[in-house]
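*Asks:* Just need the whole structure built from these sequences, with the hints factored in.
2 protein chains.
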Amino acid sequence: MRIGILGLGLIGGSLGYDFRRLGHTVLGGARRQVTCDRAIVCGAVDQASTDLDIFGTVEVVFVCTPIAVVAPTVAALRPYLQSNTVVTDVGSVKSAIVYEAAEQWPLFLGGHPMAGKTEVGIEAAQPALFAHRAYVLTPTEQTSPEAMAILKPLVNSLEAEVFVCSPENHDRAVAWISHLPVMVSGSLIQACLHEDDIRVRKLAQQFASSGFCDTSRVGGGHPELGLMMARYNRTEVMRSLTAYRAEIDHLIQLISQEHWDTLADTLAENHQARDAFL
Amino acid sequence: MRIGILGLGLIGGSLGYDFRRLGHTVLGGARRQVTCDRAIVCGAVDQASTDLDIFGTVEVVFVCTPIAVVAPTVAALRPYLQSNTVVTDVGSVKSAIVYEAAEQWPLFLGGHPMAGKTEVGIEAAQPALFAHRAYVLTPTEQTSPEAMAILKPLVNSLEAEVFVCSPENHDRAVAWISHLPVMVSGSLIQACLHEDDIRVRKLAQQFASSGFCDTSRVGGGHPELGLMMARYNRTEVMRSLTAYRAEIDHLIQLISQEHWDTLADTLAENHQARDAFL
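Chains A and B are the protein sequences, given in the same order.
Per this note's numbering: the first sequence = residues 7 to 284.
Per this note's numbering: the second sequence = residues 7 to 284.
Rather than coming from a laboratory, the hints here were simulated on the basis of the structure.
In silico BS3-like pairs for lysine-lysine, Cα to Cα no more than 25 Å straight-line:
| # | chain 1 | residue 1 | chain 2 | residue 2 |
| --- | --- | --- | --- | --- |
| 1 | B | Lys123 | B | Lys158 |
| 2 | A | Lys158 | B | Lys208 |
| 3 | B | Lys158 | A | Lys208 |
| 4 | A | Lys123 | A | Lys158 |
Here are a few chain B residues that face chain A, going by a calculated C-beta distance under 7 Å:
| # | residue |
| --- | --- |
| 5 | Gly192 |
| 6 | Ser193 |
| 7 | Thr221 |
| 8 | Ala270 |
| 9 | Leu273 |
| 10 | Ala274 |
Quantities reported herein were computed from a predicted structural model and do not represent experimental measurements.
Cβ atoms here follow ideal geometry from the backbone N, Cα and C, with glycine treated the same way.
*Replies:* Laid out in structure tokens, this is it:
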């Protein structure tokens, strides 16, 4: 199959490695010639160009750009594609992308490979990044079955665990397990910074070990990532944060009123429930 | 030196290994004979007994019991000790222990080795558990300088990083970096359980990966641990939780009012600030 990848960063480059290894011909696109050259040298693509007409012969295009420019990119691709080309994206929010992108291209089907690492760019790309990780496809009622029929086996061939759900359910689910943790964790760091006794703040920094380290990890990550979540999944992030605040309120009430039995039950429930998420 | 260890679990047993290796004579005490026998067999103590008179000849006693029984244990020890014996404990909160314990024994000095692992009991004890970890000593204005003069070098010999501060500053600092993370992290699990659309909850469980795993780890830990923190460090846990709730309120406000620049600044501050805690 001839596969196009527009945007040759961590995700785009990693898709390229896998698809080439599977015997496909991979055509890459990037804004800068230097990125195209690097992708060719490192073997992530067969050919690459800064010109969109490289995608004129492909059966599928993976748009691997930042969330904000997915729909405009699909619009820009339109004049270059054959009418039966399937277009997908890799953005970590879906409702904010898929309806707008589908207006630009009827054979659009949103996707979200839930794989990543701290490093970014084509240099960080690697084979088998998606193996044994969730890869979510988010059809709407308007999505053509052909798009699913072509894309699903392709994603499956990456050895990813494929899930299919609506963009809305995707965004609600990732709000809980990906976006809310970033907010919860960042607020922990923020709260610690508000200790105004400088000796205590210093002691806290000196005493912090694995518990603080793990709980604060995602909140101390790339600021752009947290901003993107809040901005493009705003409704669901607000919904989960509001539910979370109610839990904090409840906890404060239990501790202030010394309801130790209820607190013990809650903590035991958390202990039990976590396994289902691992 | 002749050193007593009362309570032969993870911490008591690990102290025993280190002190014996350093050439001291270690006398252990436990409520059950089977624990005494195990501690002798595995080499954590030279001798052990269920009878407190084993501590009649020691220069220092480490009380390694649960927090709730430290002060009563010091009271029980009183008839058996020489008048110049220094007594310390290993509890993870200090104000709730040290004043009461010091009333029972003038040469009491509170301590908190900030080392641990998930496993408990004498079987989990190991040499060098305290090496390169914080070990906090918490004198009050009434604490005798002799107690510090004897205990500090002993703790130092464990290769621990020794900190000296008041019980109040200790409890405030650990509230931020140890107790608050447990509450924050547990409330994340609790909030996710309140998603009432069962399909979404299932998807969330399936999509959860390292970010959720790390952020929820300490909140999904032993329920007794969280309960103990809330109960015995209640004032400071309430203070940190209240400050934390204000941060969550602020975040909700920023997102609902779409103050993206301020949110970006906050997230960037978190990213920067975390390093000081690692």
